[in-house]
Structures are given as structure tokens and as C-alpha cells.
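**Q** Please construct the entire structure, taking both the sequences and the accompanying hints into account.
Per UniProt numbering, numbering through the sequence shown is continuous, rising by one, with the last residue being 204.
Bear in mind the hints are in silico, worked out from the structure with no lab data behind them.
One thing to keep in mind: the hints can contain errors.
[Said to hold, decoys possible] Simulated DEER-style distance windows between Cβ atoms: (1) Val-33 / Cys-137: 24 to 32 Å; (2) Gly-129 / Ser-38: 18 to 26 Å; (3) Thr-144 / Gly-176: 20 to 28 Å; (4) Gln-133 / Gly-176: 16 to 24 Å.
If you're wondering where the values come from, they're calculated on a predicted model, not measured in any experiment.
No residue lacks a Cβ here, since even glycine has one placed at the ideal position from N, Cα and C.
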Amino acid sequence: MAIIALIFGTLFIPVTIPYRVIMLAGAALIWTVLEARSLQPVGLGRHPLRSTMVWAISIAVGVISSSIVVAPIINWLLGVHADLSGYGALKGNAQLALQLLGFALVSAAVGEEILFRGFLLRQLTEIFGSSNQAQWCSILVSSTLFGLAHSMQGLAGIITTGLVGAIFSWAWFRSGRNLWALIVAHALVDSFGIGMLYLGWSAI
Numbered sequence: 001m002a003i004i005a006l007i008f009g010t011l012f013i014p015v016t017i018p019y020r021v022i023m024l025a026g027a028a029l030i031w032t033v034l035e036a037r038s039l040q041p042v043g044l045g046r047h048p049l050r051s052t053m054v055w056a057i058s059i060a061v062g063v064i065s066s067s068i069v070v071a072p073i074i075n076w077l078l079g080v081h082a083d084l085s086g087y088g089a090l091k092g093n094a095q096l097a098l099q100l101l102g103f104a105l106v107s108a109a110v111g112e113e114i115l116f117r118g119f120l121l122r123q124l125t126e127i128f129g130s131s132n133q134a135q136w137c138s139i140l141v142s143s144t145l146f147g148l149a150h151s152m153q154g155l156a157g158i159i160t161t162g163l164v165g166a167i168f169s170w171a172w173f174r175s176g177r178n179l180w181a182l183i184v185a186h187a188l189v190d191s192f193g194i195g196m197l198y199l200g201w202s203a204i
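**A** Right under this line is the structure:
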């Protein structure tokens, strides 16, 4: 019910998807605090700095490496590439790249991780349970929705981002719900991706 209420509440607000993600993430945090009196359930509690950074770097390296390998295979199988034409203006434009990076750190690294991992996975865990099989069901649902949220990138983009979402979701469970690690990892991945677009290379 919490998920439905949050989504329904933003359907009639005339804003683009990135801003909607930020609004949903904010609403999710408020909902969590009102419900649990803490942000610990979504993974924003106290976690050791060392393990947080180890997880963050490991996730980022894993996502970037797997994307470089998997994305071309998906493109070949489908006969299409992820549609990144909307980012063409980034090539060689340092100012625009930095502006996008700043926005991505808020909307994607923070907003998407709060919404698709911290909040959504917690809600799905309450529905499916916490067994190993139930966790994989939650990962499947969350990563599917995450992929569909990137439908503007076409079918190849949906599949690729869905697989990336699965890695992040798996890491949320395995790291002891350490959402800080996922936020840092997402920031590293986005920084790498925007850097590649700036250089004119869009391998992921």
C-alpha cells in the first residue's frame, strides 16, 4: 500500500522523471520515519566506514565491468543499442557534463537508491519474506521496475539497467542493507559513465 500511495501521489504532478524520483525518494524517507521512527530499515543507519567503502568500490567495479562485457552482447542479440542520443551534447562539453553529474548525484545516486533499493526492497521483503528465495523475488521485481524506469533508453537500455539494478539489489541484501555503500557506488558508476560520454565513448 505504501508503494501504491507514493506512486499515485506523484502521477498528477507535471514534472520530469528525474524530479519525480527525487520527490518519491523524499516521500519514501518521510514515510519510513513516520512508520519506523528511524531510517535504519532502508539502510541509512550507522555502518562501519571501512566496510561501506569496500562494498561501494566492489559494487562500482562489478557494475562497470559487467556492463562493459554484457552491454555489447545484449546489443548484438537484439540488433539495437541503448538509445543515448539524448546525451550527445555532453561530448567535449565540460560545463554540461559537470552540471549533469551534479544532478545525477542527487537524482540517481541518492534518489534512485533510496527509492528502488532502500524503500522498495524493504516493502517487498515485507510482502515476500526474508528467505533466500524471497530475496531473489524482491530483487527480480525491483530490478525489473528499475529497468522499466529507464525505458527512454530503448529495450537494450531497459535490459542493461535492469541487470545493473539486480546487482545493486543483491548488494543491498548482502551488505546488511548498507544503502550508504550503494549510494557511493552509484555515484562512482555515474561519474564513470558521464566521463565516457564526455570523451565520446558510450560503452555502457
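**Q** Checking each numbered hint in turn, tell me which of them this model violates, lowest number first.
**A** none
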